[in-house]
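Student: From first to last, the protein sequence lines are chains A and B. If you read the first sequence in this note's numbering, its first letter stands for residue 1, the second for the next number, and so on. If you read the second sequence in this note's numbering, its first letter stands for residue 1, the second for the next number, and so on.
It is worth saying that the hints were derived from the structure and are not from the lab. Mixed in with the good hints, there may be bad ones.
What the hints assert, rightly or not - Computed footprint of chain B on chain A; a stretch qualifies when at least three of its residues, placed anywhere within it, have a C-beta under 8 angstroms from a C-beta of chain B:
1. 10 to 21
2. 64 to 75
Claimed, not checked - These stretches of chain A come out as covered by chain B in the derived footprint (C-beta under 8 angstroms, 3 or more residues):
3. 110 to 116
4. 130 to 138
All C-beta atoms, glycine included, are put in the ideal place defined by N, C-alpha and C.
One-letter residues, chain by chain:
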Amino acid sequence: MSALFDENQLRCLEAVLDTLIPPDDYPGAWQAGVGDYLLRQLTGDLAHLQTSYRAFLRCLDAEAQYLHQCDFADLANDERSDLLHRIEKNRLETNWPIEPGAFFAQVVEHCGEGFYSDPGNGGNREGIAWQMIGFEVRG
Amino acid sequence: MSDYDAIVVGSGAGGGVAAAVLAEAGKSVLLLERGRALSFEQVGRDHLRNQRLAIYGHNAGPDIEGNPRTLDPASFPMPVGERQGEHRILRPHEPGYQNNAACVGSGTRVYAGQAWRFMPQDFRMASEYGVPAGSSLADWPIGYEDLLPYYERIEWEIGVCGDHRSMTHLPAYARPYPMPALPLPHKSSVHRRGLDALGWQGLRVPRLINSLPYNGRPACINCQHCVGYACPVDAKNGSHNTTIPRALESGNCSLRTEVMVERLMCSVGGAVTGVEIITADGSRESISADVVVLSCGAVETARLLLNSATAQEPGGIGNGSDQVGRHLQGHYYPGAVGLFPEQLYDGVGPGASLATCEFNHGNEGLIGGGMLTDEDIVTPITFWKRDYPPDVPRWGPAAKQFMRENFCRINDIKGPVQEIPNPDARVQVNPAVRDRYGIPVAHLSGTSHPETVRTASFMRERAIEWLRASGAIAVWGRKPQQYLSGGQHQAGTCRMGEDPAHSVVDNFCRVHSQSNLFVADGSPHVTNGGFNPVETIMALAWRTSEHIVANW
Ligand SMILES: Cc1cc2nc3c(=O)[nH]c(=O)nc-3n(C[C@H](O)[C@H](O)[C@H](O)COP(=O)(O)OP(=O)(O)OC[C@H]3O[C@@H](n4cnc5c(N)ncnc54)[C@H](O)[C@@H]3O)c2cc1C
Ligand code: SF4
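Here chain A stands alone, though its shape is the one from the complex:
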């Protein structure tokens, strides 16, 4: 649990991040700590985005409910991807208080930052993303 998001929102966030960087034989975004990165940033450099993040997660669930009668996190992988592609292109069925495509683009950036930047930022746990791509810190 976090002070920023309720349990549903966290579940939705995990599902979004793992759709952006999905697990395979290497961890996906969530397991690699991108959630920790983001929660930290949302009380720091990205504090101004707290409300928008909550709105984004809420709307994503509403959109999933409208299209599939379930929460975003309960969708199958390809359904999640399809839905995020629609959001990216601002093709929506429900009303959004934020511009979905533009905000989604920011979420993609934040996810990459958490996954590929240094573990000191809270994500990329034990340098797992660097191990995956071959960036080795030796000195």
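We have chain A; now place chain B with the ligands onto it with these hints.
Tutor: Same frame as chain A, but now just chain B with the ligands:
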């Protein structure tokens, strides 16, 4: 009786040299720096907040709060910072601010130490090419020969490694570099293949880095965090570990940090008498000196002169001809990224392996040109943010796969373009916006000359050609746009010249209107070469400082 013989304002590339030369000549020197002395740990290795990728901040100053600048929105192609009236207000790590750094050593604390001499032609651009409309292209009042002895001193005393025999674009070196070039990373064989196929001359990138133990410090251990970070073994030679310690060890220099020089104090007769400073706790002091040397970097030196207006010089010190702050330039850095079939990455830092100076001059229909080299090690997030191909998905399995398969098979080639200066690219002061000390901030306006963009476009094509000839299977990268340039290679705002009507400082970098005020940083550069500028800044500062001592 003055408090000091000399005050040097700013402890970066130029200021460090000035402090060392003056103090070692027996002058009492006060070196003032607005930033802090930063340890290796304080600089840190935050991949999101450094002088290379400054998404949320940076690691070598200035502090991101309390040090704003304003920008004319027309100077930048995208909406940066925050709108405030007609201007945009920027924090130091935001694009368009034109930051270098602010700490003891400034940019030299975190640079990658590429150590280039300018070419003889770089000092006489107007004579070589004529003056294009709308530009203020001019010759320097001095030439390569004048700086040569100082280039050699920098190479030997501060410490440069390289292969002088490979520098065939320059007159033959009388003295080799004191240290051999750094070991070549694996990717150099790939880039060498391209050079050979094209018949282009390749050369080793000279660096202000110890390839062998030198000056009492160890050799480079080829780590993966060179450019934008501090050196883990102190093998990178910057002001903080060369010139400033020399100045301090002479017993004649004191360094004060977190001190902001607010303005210069002047006598009525055309001499400065000292400086007024504000310390970290907000208290003000006046300190007197017989000589003042400004080494604040091109933007801040201009700002300080403009903020020091007197009854005699109401437009700012040295600004009788409205030249202070104009001709701001830096380096366009065009290039392209290439994807190769084989692994390039081997983690051997700093990373850049080979350069070519085939295109610095003699490009048909163009004015000047620039050097090209492959890139230093790029961190994964920097690659992801800056170098990612535009036609590959940015999320989903394909994005992860792309990073996984290709991070080690990618390299970019790029280089600094000699910019064509124009008087409208300029620094002014904006009294409506104040920094944390209450001092009017720098206001930036104007844009690059179209010839700069043209040369940059040409150089980008050459980078693509080199990548392809080396075997790249895909090549991408943005085309150069028009914008105001300056940044880490900022220069030109206190132009050097014989005629006070068209310049700010004379050919020994003394402000024309003041008998004892000198500039020792990138500001006097009439043009900025097609090379990273720091060795020239240091060499010029050395020459200026020696002149000050000789004529005391
Ligand atoms: C990441 C990075 C990589 C780089 N790599 C290279 C490279 O490989 N090769 C190369 O040639 N160049 C490189 N550079 C650029 C190089 O660092 C600069 O060209 C050089 O430092 C400029 O020297 P300068 O003397 O003009 O000013 P600076 O070195 O910027 O020094 C100015 C100093 O003055 C201080 N100051 C300003 N105003 C005041 C005031 N009012 N009161 C008190 N103090 C003040 C500032 O805080 C600063 O410390 C790099 C820079 C960076 C940041
Ligand atoms: S590559 Fe690393 S060890 Fe070598 S000089 Fe640069 S920072 Fe120091």
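Student: Check each numbered hint against the structure and report the violated ones by number, ascending.
Tutor: 2
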